[in-house]
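J.: This is what each chain is made of:
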Amino acid sequence: MPAKKAARRSRKKAARTRRSRAGSARTTALPVPAGPIRNHGLPREDLLAMHRYLRLNRMVEDKLTALHRQGQVVGGLYSSLGQEAISVGTAYALEPTDLLAPMIRNIGSLLVRGVRPLDLFLQFLARYDAPTHGKDGTLHFGNVLKLSLIGPISVVGSLVPVMAGAALAARSRGENRVALTYVGDGATSTGYFHEGLNFAAALRLPLVLIVENNGYAYSTTTDRQFAVGSLAEKGPAYGCAAESIDGTDILAVHAATRRAMERGRRGEGPTLLECRAMRMKGHAQHDDMRYVPNKLLEAWKRLDPIDRFEAFLIKEGHATKDDLESVARAIAPELDDAATRAQESPLPEPGEALRGVYREPGYETPWWPAA
Amino acid sequence: MPAKKAARRSRKKAARTRRSRAGSARTTALPVPAGPIRNHGLPREDLLAMHRYLRLNRMVEDKLTALHRQGQVVGGLYSSLGQEAISVGTAYALEPTDLLAPMIRNIGSLLVRGVRPLDLFLQFLARYDAPTHGKDGTLHFGNVLKLSLIGPISVVGSLVPVMAGAALAARSRGENRVALTYVGDGATSTGYFHEGLNFAAALRLPLVLIVENNGYAYSTTTDRQFAVGSLAEKGPAYGCAAESIDGTDILAVHAATRRAMERGRRGEGPTLLECRAMRMKGHAQHDDMRYVPNKLLEAWKRLDPIDRFEAFLIKEGHATKDDLESVARAIAPELDDAATRAQESPLPEPGEALRGVYREPGYETPWWPAA
Amino acid sequence: MTASRGATGRKGEAVTTTYLEAIRQGIWEEMEKDDSVFLLGEDIGVYGGAFKVTEGMLERFGASRVIDTPISETAIVGAAIGAALMGMRPVAEMQFIDFIACAFDPITNFAAKSRYRWGGGVPMVIRGPCGGGVHGGPFHSQNPEMYFVHTPGLKVVAPATAYDAKGLIKAAIRDDDPVIYLEHKYLYRRIKEELPKEDYLVPIGRAAVRREGSDLTILTYRAMLYPSLEAAEVLESERGVKTEVIDLRTLLPLDREAILGSARKTGKVLVVHEDTRTGGIAGEITAMINEEVFEHLDGPVLRVTAPDTPVPYSPPLEEFFLPNKDKILAAARKLNAY
Amino acid sequence: MTASRGATGRKGEAVTTTYLEAIRQGIWEEMEKDDSVFLLGEDIGVYGGAFKVTEGMLERFGASRVIDTPISETAIVGAAIGAALMGMRPVAEMQFIDFIACAFDPITNFAAKSRYRWGGGVPMVIRGPCGGGVHGGPFHSQNPEMYFVHTPGLKVVAPATAYDAKGLIKAAIRDDDPVIYLEHKYLYRRIKEELPKEDYLVPIGRAAVRREGSDLTILTYRAMLYPSLEAAEVLESERGVKTEVIDLRTLLPLDREAILGSARKTGKVLVVHEDTRTGGIAGEITAMINEEVFEHLDGPVLRVTAPDTPVPYSPPLEEFFLPNKDKILAAARKLNAY
Ligand SMILES: Cc1ncc(C[n+]2csc(CCOP(=O)(O)OP(=O)(O)O)c2C)c(N)n1
Ligand SMILES: Cc1ncc(C[n+]2csc(CCOP(=O)(O)OP(=O)(O)O)c2C)c(N)n1
Ligand SMILES: [Mg+2]
Ligand SMILES: [Mg+2]
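Protein chains in written order, with the working numbering: chain A, 19 to 389; chain B, 19 to 389; chain C, 6 to 343; chain D, 6 to 343.
Just chain A, with the same shape it has in the complex:
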């Protein structure tokens, strides 16, 4: 849906939402009915590769959940269950030289970019051989030179100006790279989001900003976060293109990302892409999300992004049920092996805590080449 149309449509919806809200119990809206998945011309090998990443995304997270239950994971564990099509669809749309920065739920984006499950397990188990030597956890790492990957911090929204700056750097060197990053519905309320997106728009930077509207910011429903129906309505305020798309349809996500990238490469500035989905688990492992109505979860469950994509692949004759199942069968032992290796890997030596605050000639971080 082109930006203006989307904005208009969602504005109407917003008006409706506002009217209805006053009386009703406050909650996040049910999903709009999903249209059929449509291929915009991707060859079978891409479709199957995307399917594999979706499955890998989910299975890596299942493995992490299992490790967490065993008390192996240090700190918190966040899930992207129900949102995998957003991570995979967006990251798969990029060229390898395009700049990518994940937020906490975008483990799928990292997998597409070539981060190994082993690297992730090492991170979550806080081992010395992890990308951060155990100094930070989760997806908090990057590798600009080899993977065009920039690492996040916990502060939501903070990557928006950072990726605008990365895009600026690339442009000033004559490199035709777009920069893509993510915010949640909640993070659109931050000053970071606003200043970063406006900066990118004023400078016409090729930034693709994915808004993962998963209905909740921790426990907070969208209607207590903002008074618009769709976050795509925020695009016109920055003079930038905006679309709202079904985030459980990986091909819709992929196609919209491609459109946004093209706009960026044509010098038309940033695009705001709202991807609608549902956070199907709690905010993190500890959260039983009592605050989410069951009927909401049930409705969204019918829109599982992997189920939907598998049905499409089978229906369109790209794969049989068995083909698809064999993907999972192939991944499982790889992950078992990676998990074992991570568990056997040493924790950092205590003195490592003191190293690398500033540039130290000779000191190597595994993921950042020594200058």
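Treat the hints as calculated values from the structure; they're not laboratory data. A hint or two may mislead.
Unchecked claim - No farther apart than 30 Å at their CA atoms in a straight line, the calculated lysine-lysine pairs in the BS3-like style are these:
#: 1; chain 1: A; residue 1: Lys-164; chain 2: D; residue 2: Lys-38
#: 2; chain 1: D; residue 1: Lys-270; chain 2: C; residue 2: Lys-339
#: 3; chain 1: C; residue 1: Lys-38; chain 2: B; residue 2: Lys-164
Got chain A; can you put chains B, C and D with the ligands on it based on the hints?
T.: Coordinates of chains B, C and D with the ligands only, in the frame set by chain A:
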């Protein structure tokens, strides 16, 4: 112009602006042709009172400029020349119990609210009897209990969440007061603006946010600040009403403020009101604004808010030329007297510097009642 | 659910209250007492707060006094300032104190300077969980106190005990100036004690002597009180060093009398803080002691602190990073040798 | 307009360069030398900066290397971080340093911790005008150094002379870590000197002895160097107190050797800073001296600082607020009496 229409129209304009911008020299746009001033039913006494405030605003600033040239003003001096109708029109629309917070150019708002020229001169001359005892300058003071007035700080945008909070406090006590404050075109790029306006919209607070689009943020033209044609386009992004109005037409400003106040009182949340005008002097006294094209100043000069309003008053038979001139004649000696009194007023004693950082029983600030 | 949820222990046990529950009770009581007190922050209403400090409050006090906000630290603090200027007493939660950096401008430029400039008092509390020890990593473990201790116009408190957690939150809410209330997440459920039934306050600006001694003084606060007390125990039992342990409780304004009095008495002062070293409060205290009681010193004022790094995530790194009993003992022995 | 605008004095005069022009020259030279250096900030292009530090740069280096930004301190610093991670060397201007509070999160949480966490170095400079003396009031006069000195991962420099202003900005730009460069607006046009024609750097982390002495040490930096030197002159001429004056130049990391060496030599140390007292850098220095050279002290480490208030606006108040020669003399005499 109602919000949606304004937003649509200005979006079209934005598209045009963007297209034309790439090639042309970067500058702030010429004014759109002004329509005739129309009275929305205000009685003559209000019209004449508003006229007097406009004149007072300008004459107080002229006096301050003269004092500045004599080296009497401590620190910087900002001007609202060309923007007086915004300060006066908005402040005059409020009830005395409505909450008001000026930014640096809103000396007119303070005059309407009952701040005396003497108080202002004392402030700018940094005297002990000034509202701040000389601890801060310019318009940086307030008086919540007696004047429903909240004082600004230099950081632009900061009043937006503060006034949202003030509106919240009033609502929670069952007081039906709106809160009104100002940002410049430049300040719309701050995180404060975004977080504050969104907060007000999410909580449906009766905030009236006046955006004084005067074409420049210091030396920076609007096209380098944002990629929208009108700042009213930002309203829909917050799910809040927005209008773009001619800021040199005091009655248009007044009427739009009233509409916004009514929305607020009806529980419909904040309104964003773009008032278009031109900063007819430099950013502050030191700035010769070489960067402003002459033809821009000339075009706007024809839209002087006082000249326009006086022509309207004469044309509509509310006053004669002589009536209007006698206003200035009456104000002049008052200001001379106030300036003399301010100059004769003592500077603070040095030790005053140490007082009042925390609540000190017995210590009196002139404008804040002791608890 | 009632305010005293935590105050009713299992049958037959003494009624003890956790540090977390003490904060909650303190807020609850002030909410009951004074209509102008209200809460705002992320996930504090429906969810009861990420750590459940505000659990049950939405149900009791309603959505107009327990406000779930968007993720907008600047607006949360900004709105709290506006409400405080109107005479309300807002208590704003930072979900983790690390995110207070997003509200740095309204705190340091608006709230802290308002009264001085034009008399506009800002009776506001900002509180949130600080500190390490739970493998939270660099963004969920910080101790930001010095940013605020160095900002005139603010007050900063940092309770170590359940008694103080309650007494200080109540005092902070009643204070007419902005108070940064820095609680420690490691203590939330690990520390409990029996609390008085009646209303009480812990005055802002007063330290507490946790253990008397005449040979050596340890000045500390918040979570570091506990390893300091352990170290004092060892010092006395193994070496006969009578060690005084003072819990600062308030970091701004510091309790000069308590600090200088003990320094004068023992002549040997060790400052222990979990915050990083350079620019930590030990420096300020050392300067104060130098200025006022230098002639009573028998040795240098020493300090045990975290090193100058972000808070690392992996357990062996974080353990190495945090001060502990052994590090305190080593420093105390060095000092004692003077 | 050329980079050496300020370096050509009136005919016949020695060629002197102002402090402001020295910063400008330093940036200009690094821009010429290294394509990866670029500038961003409010009004730095068309206008040449509120104080004209970047005058002529837009014309010389073009709009892609001299970027006028929206009023978005968070985005300015955020974008600088992103560009720096990409291998660029951004120099971000804060129009007044007071507004750096609006960028506190990206500086302290993103830039400062990035290298430690995953090796992502952030070779970025943030600079802007600090300090009082020009009646700028509470929001145009602050000295924010301690917020950053207390943040591991940053470096903080604060030049007092034109030579250092140039040498330090060049060193900051070439540094591989984020540097907060804190210049003083009072010195911009009041301080000048002849500068070498050739390329030079002032190394970060090294103090400079501005005046040698053996009886008493004054440690100071930035604008306070000048009243300190005046006071030293009086001390020596009127009382025969040979006073050493050390200009710290870098505040993080402090030059331990220079500080401790002088303290060891004179045994009497006075720290002078314009920043407010509580939590100011005098505390840190006092702690360092206590820890390392306590036995060489003949008296307490004393400090002369601004009091714990916002910076007041009215001239008599601001004058009372700022340290000056007389206040330094009074403290030095007290110290000298030990
Ligand atoms: C600035 C900031 N404030 C608070 C937090 C604590 N926090 C972590 S995630 C989260 C909710 C984020 O919601 P959303 O942006 O919708 O992302 P989601 O978790 O739904 O993916 C919060 C409040 C944070 N990380 N950053
Ligand atoms: C957050 C912040 N950054 C920078 C400044 C410095 N500054 C003061 S006024 C100004 C320009 C403001 O432009 P605009 O908002 O359009 O208001 P106008 O001056 O045109 O009334 C700037 C950059 C500031 N006061 N606050
Ligand atoms: Mg969400
Ligand atoms: Mg403007």
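J.: Against each hint, give a clear statement of whether it holds in the structure.
T.: Structure-based check of all given hints:
1. A/Lys-164 - D/Lys-38: holds, 27 Å
2. D/Lys-270 - C/Lys-339: With a Cα-Cα distance of about 24 Å, the restraint between D/Lys-270 and C/Lys-339 holds, given a limit of 30 Å.
3. C/Lys-38 - B/Lys-164: Between C/Lys-38 and B/Lys-164 the Cα gap is close to 27 Å, so the pair holds against 30 Å.
Checked against the numbered hints given earlier, this structure breaks none of them.
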